[in-house]
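Protein sequence lines, in the order shown, are assigned to chains A and B. Here the working numbering is used: the first residue of the first sequence is 16, the next is one more, and so on. Here the working numbering is used: the first residue of the second sequence is 16, the next is one more, and so on.
Mixed in with the good hints, there may be bad ones.
Same chains, same names: a pair is fine if it fits in one copy or spans any two.
Below, computed lysine-lysine pairings styled on PhoX-like, alpha-carbon distance capped at 25 Å [as the list claims (entries may be wrong)]:
| # | residue 1 | residue 2 |
| --- | --- | --- |
| 1 | 186 | 413 |
| 2 | 186 | 465 |
| 3 | 465 | 164 |
| 4 | 421 | 462 |
| 5 | 242 | 140 |
Rather than coming from a laboratory, the hints here were simulated on the basis of the structure.
Protein chains: 2
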Amino acid sequence: MEIIRSNFKINLPKVYQAIEEADFFAIDGEFSGISDGPSVTALTSGFDTPEERYQKLKKHSMDFLLFQFGLCAFKYDHANSKHVTKSFNFYVFPKPFSRSSPDVKFVCQSSSIDFLASQGFDFNKVFCSGIPYLNQEEERQLREQFDEKRSQANGAGALTKCPVTIPEDQKKFIDQVIEKIEGFLQREEKRTLELNPCTGFQRKLIYQTLSWKYPKGIHVETLETDKKERHIVISKVDEEERKRREQEKYAKEQEELNDAVGFSRVIHAIANSGKLVVGHNMLLDVMHTIHQFYCPLPVDLNEFKEMTTCVFPRLLDTKLMASTQPFKDIINNTSLAELEKRLKETPFDPPKVESAEGFPSYDTASEQLHEAGYDAYITGLCFISMANYLGSLLSPPKTCVSARSKLIEPFFNKLFLMRVMDIPYLNLEGPDLQPKRDHVLHVTFPKEWKTSDLYQLFSAFGNIQISWIDDTSAFVSLSQPEQVQIAVNTSKYAESYRIQTYAEYVGKKQESKQVKRKWTEDSWKEVDRKRPHVPGPCYHTNSFTAAGIVGKRTLSPDPREAGVVDRESEGISDPELEQTDYCADPLPEGRKKAKKLKRMKKEFSLAGSASDSPAVLFEVPDTW
Amino acid sequence: MEIIRSNFKINLPKVYQAIEEADFFAIDGEFSGISDGPSVTALTSGFDTPEERYQKLKKHSMDFLLFQFGLCAFKYDHANSKHVTKSFNFYVFPKPFSRSSPDVKFVCQSSSIDFLASQGFDFNKVFCSGIPYLNQEEERQLREQFDEKRSQANGAGALTKCPVTIPEDQKKFIDQVIEKIEGFLQREEKRTLELNPCTGFQRKLIYQTLSWKYPKGIHVETLETDKKERHIVISKVDEEERKRREQEKYAKEQEELNDAVGFSRVIHAIANSGKLVVGHNMLLDVMHTIHQFYCPLPVDLNEFKEMTTCVFPRLLDTKLMASTQPFKDIINNTSLAELEKRLKETPFDPPKVESAEGFPSYDTASEQLHEAGYDAYITGLCFISMANYLGSLLSPPKTCVSARSKLIEPFFNKLFLMRVMDIPYLNLEGPDLQPKRDHVLHVTFPKEWKTSDLYQLFSAFGNIQISWIDDTSAFVSLSQPEQVQIAVNTSKYAESYRIQTYAEYVGKKQESKQVKRKWTEDSWKEVDRKRPHVPGPCYHTNSFTAAGIVGKRTLSPDPREAGVVDRESEGISDPELEQTDYCADPLPEGRKKAKKLKRMKKEFSLAGSASDSPAVLFEVPDTW
């Protein structure tokens with residue numbers, strides 16, 4: 016169901032009802048841009064720490080606008096053993112509510128806009144008919160403004176307890192107004208007096224003067240003429256009438272306030288439900304949602320984690336789930352479209368799903384990818400298929416796994432970290448995994464160097480993997496940790512370049528925290544130009560120090576899970592990345608397809624992978 | 016005529032012809048935002064120097080996108096005594112041309128977007144069908160890329176004169192390729208060899224290796240399969256065939272390059288024509304046009320002036336013209352829409368205008384304001400009416416004044432400065448006017464102060480005018496320069512505020528150039544909240560020091576002109592400003608209409624104004 020400014024209010028009860036009834040939700044957002052560097056590749060390094068990644072996304076992505084929000088509510092119909100969906104596609108836009116409301120500026124990235132345009136995205140619906148919204152601070156300010164205005168009109172303000180200071184040049188004007196009102200009060204037959212249109216400053220002076228001079232017996236209000244000129248109307252009223260009018264006005268103001276808060280009310284309802292919210296590769300969706308509808312993101316990652324679990328107590332990322340055992344071995348491509356297709360085939364079982372009455376249904380056969388409502392819908396389907404698959408591995412098997420099942424709890428509140436080689440997810444419920452990185456070198460070199468120079472430098476070490484940091488440094492991971500010291504030693508007398516271990520690099524960085532990396536636009540461009548279109552062969556890394564993960568709400572995930580989710584380092588061959596890349600790159604090269612083909616040729620042993628699966632996923636009792 | 020991506024190429028000859036034939040052009044741009052502060056009011060001060068104003072516009076406005084460009088070419092048909100117009104409305108968008116082309120980020124201001132939406136602006140046409148463009152540096156880079164690729168393919172590159180360094184992990188791959196080619200070269204019957212799809216890096220290695228190993232006799236090219244996979248095709252060719260193929264490829268590349276330069280070609284053609292370009296309140300249009308289609312704006316205002324006169328040797332701003340004698344006294348409201356209406360009435364004579372064959376005509380009766388093509392069209396009409404009016408004042412009167420007439424030269428290359436109280440225009444051809452400002456005070460005060468506090472402070476001085484700088488300082492202009500010293504003296508022992516003369520303020524500012532004003536987003540908000548919705552009464556200021564203005568191309572304007580163009584200080588009541596304000600402010604207050612009405616009631620004596628006119632405008636010979 017498409018929701019825009021004009022049908023938002025009338026459909027809001029339907030949205031609330033869907034949220035009320037649902038077992039879980041799937042969400043998806045479309046943005047006006049992805050990354051404020053020249054490309055996502057340049058912005059992110061394969062050896063970012065979660066803290067670094069958060070800072071980069073916060074700095075380079077939050078100025079974009081989330082302008083389409085997809086919400087799909089799933090409810091299980093036990094009687095008919097099927098899921099009933101209510102899918103909404105909201106267009107949102109920060110239309111200024113009044114002269115005093117914030118005039119939001121947002122950034123558009125031409126590659127993202129061009130990509131959405133190629134998908135048939137309707138920008139007019141966003142800009143002409145988008146639902147407005149306010150974050151919590153803006154809502155508070157608007158509420159205060161209304162309160163202040165009301166207290167001014169009521170004469171309850173402190174200012175109006177004593178005579179008002181009238182600027183010299185306004186004295187004559189105010190005197191004339193008082194003279195008029197005195198005359199009006201003496202003529203019993205006249206019930207109302209309309210003053211001439213005047214300026215906002217003059218109206219304020221009139222309000223203040225009248226509430227001091229005539230605290231009772233008159234009602235003062237500002238009306239607009241047909242010509243949109245504002246003028247003050249004064250009426251003689253008894254106390255009862257005055258109260259009735261004020262209540263009426265108050266109700267009207269409340270409605271205006273609600274209209275201004277607009278789409279944020281939907282997000283608040285989702286958050287307040289405390290129900291499971293599913294998304295695919297959802298870190299940016301979550302960051303944007305909080306940033307846009309709650310408050311600017313905190314500086315510190317831990318504060319962000321706290322804030323996020325506070326707003327959305329249960330999040331599940333289907334991309335992380337699909338990249339984790341027991342799915343990792345049987346799911347080849349975790350991009351949303353490919354995942355959805357894969358989960359229709361054995362050993363998976365596509366769920367029985369039907370759209371609720373009065374809701375249009377999506378047809379997964381004719382894809383409508385990158386419409387947020389559709390993406391949310393298929394994200395939900397993916398979640399159900401994977402959850403049910405976990406049930407099928409139990410003995411006895413369980414055909415339908417609920418959103419409240421303990422089976423899926425190990426996946427809660429872990430958000431997929433795109434293109435980080437050895438940290439699969441951001442852990443919202445505690446410290447993040449800390450991979451050893453004892454096979455990683457930090458190399459600095461002259462800015463003329465290209466990838467081929469690095470390959471040549473390390474040609475004696477066999478397979479290496481390069482992860483650029485900026486135009487004069489990169490991480491190079493070797494296949495054996497033992498080679499690291501050899502590389503460092505042989506470089507001791509080199510003049511043009513410098514090699515240190517990852518540990519040394521991190522130590523020095525923490526020493527001089529002031530020295531910030533220079534991520535200027537120019538250096539991005541430099542990095543991008545140098546970066547070859549294909550990375551070296553990926554080295555499969557597996558060296559985790561299982562950091563203590565303390566779950567606040569759910570079971571602590573088994574430490575073995577760290578091993579479980581060690582993905583084949585998907586740095587560049589990640590299919591989700593390909594999708595994003597396509598967006599920045601209208602001329603994709605053959606390499607991607609070639610890699611995909613190569614992978615598809617691999618054969619997977621289902622039984623084998625299942626037996627490799629960690630016990631934690633299958634031994635916990637199912638709450639259903 | 017509406018021009019979008021799909022019909023740009025086919026219509027470009029028509030555009031070129033219109034530019035070739037025209038007597039003059041009128042232009043107009045629509046932008047994704049106006050000012051990167053919370054409001055234009057907060058961004059600009061009534062006592063900005065031209066240098067300050069330029070810096071503010073450059074800093075706060077150039078991140079917006081010029082996404083619709085209106086061009087109307089006017090040609091006089093002597094035989095039929097009428098103007099023939101060709102009007103174009105171009106939608107432009109920086110669609111990335113390839114993976115290596117710039118991924119432009121631009122800012123949208125929600126109030127501006129909302130304003131355009133309310134005018135029926137079609138955003139889909141911009142984002143889905145906008146014509147791409149490159150600035151001169153981007154064009155140069157793309158040209159270089161093509162040259163480099165060609166020299167690589169030709170084997171002309173220095174790199175290929177010696178064996179290529181092949182990274183260790185690519186050696187096997189390259190060896191296999193060479194083996195294949197050796198086999199192919201030995202089999203006479205085979206004319207072409209298709210290699211398997213491979214990565215861009217591998218293709219580069221193949222190109223380099225082959226141009227070194229087989230400098231003659233084969234032609235190497237990259238083709239795309241149906242699946243968009245890129246692969247190399249090798250053909251046996253004799254020298255003639257090889258050259259033919261290369262020329263073909265070169266022609267194709269030139270076309271691709273032209274497509275990428277796109278809309279910039281139109282701007283280059285306008286610039287190269289050297290003809291008069293007319294705009295209404297055109298400073299931002301000119302700045303955006305140069306910034307987007309030529310190069311980033313220079314830091315220094317004088318450099319900007321040089322650059323601008325170099326690109327557009329003759330500019331004329333109809334808002335400045337309408338605000339200058341002999342028009343000032345008979346034109347009440349200089350907003351484009353109002354000006355166009357006014358110039359249909361006596362003493363003006365609406366020009367005879369017809370759209371050229373095959374060009375749709377605009378009807379000024381049913382306004383299409385804020386479509387750039389329409390705005391350009393009526394800007395041109397306004398120019399013609401005003402130019403002809405100047406002719407009518409000659410004896411004997413001249414009914415039709417040409418765009419090359421000396422009558423209009425005094426208006427050349429002076430761009431209207433919005434809301435600067437005492438400097439009417441930016442002079443592109445020399446130093447700017449330097450008003451004395453000996454009646455102006457600079458006041459600093461606690462950040463709690465509001466406008467009313469300032470009024471109260473100066474209540475003894477009669478009419479004052481306040482111009483906020485930031486939340487702790489403002490300019491206050493008094494009605495008499497003699498009062499200035501009194502105000503400074505009385506403030507000597509004040510603790511909470513400080514008053515200095517404008518001259519003192521400027522002196523100190525120049526002393527400590529490092530101390531820059533803090534124009535943070537927050538301080539904007541602060542200023543905006545405090546600013547009352549209505550300013551105090553405007554004080555009419557008239558104190559110029561006529562600075563030496565040295566024209567480079569045209570006659571030096573008579574120094575008396577400085578007196579001529581002293582506008583009633585239009586700081587806030589300026590109608591053009593109301594238009595902009597409306598854009599930032601969906602709830603305009605009655606004050607504007609009230610002011611307008613008041614002004615419209617004034618009666619003007621036409622004869623009187625004509626006799627007040629400066630001689631320079633009417634005594635120079637007309638070149639027609």
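| task | List, from low to high, the hint numbers that the structure doesn't satisfy. | result | 1, 4, 5
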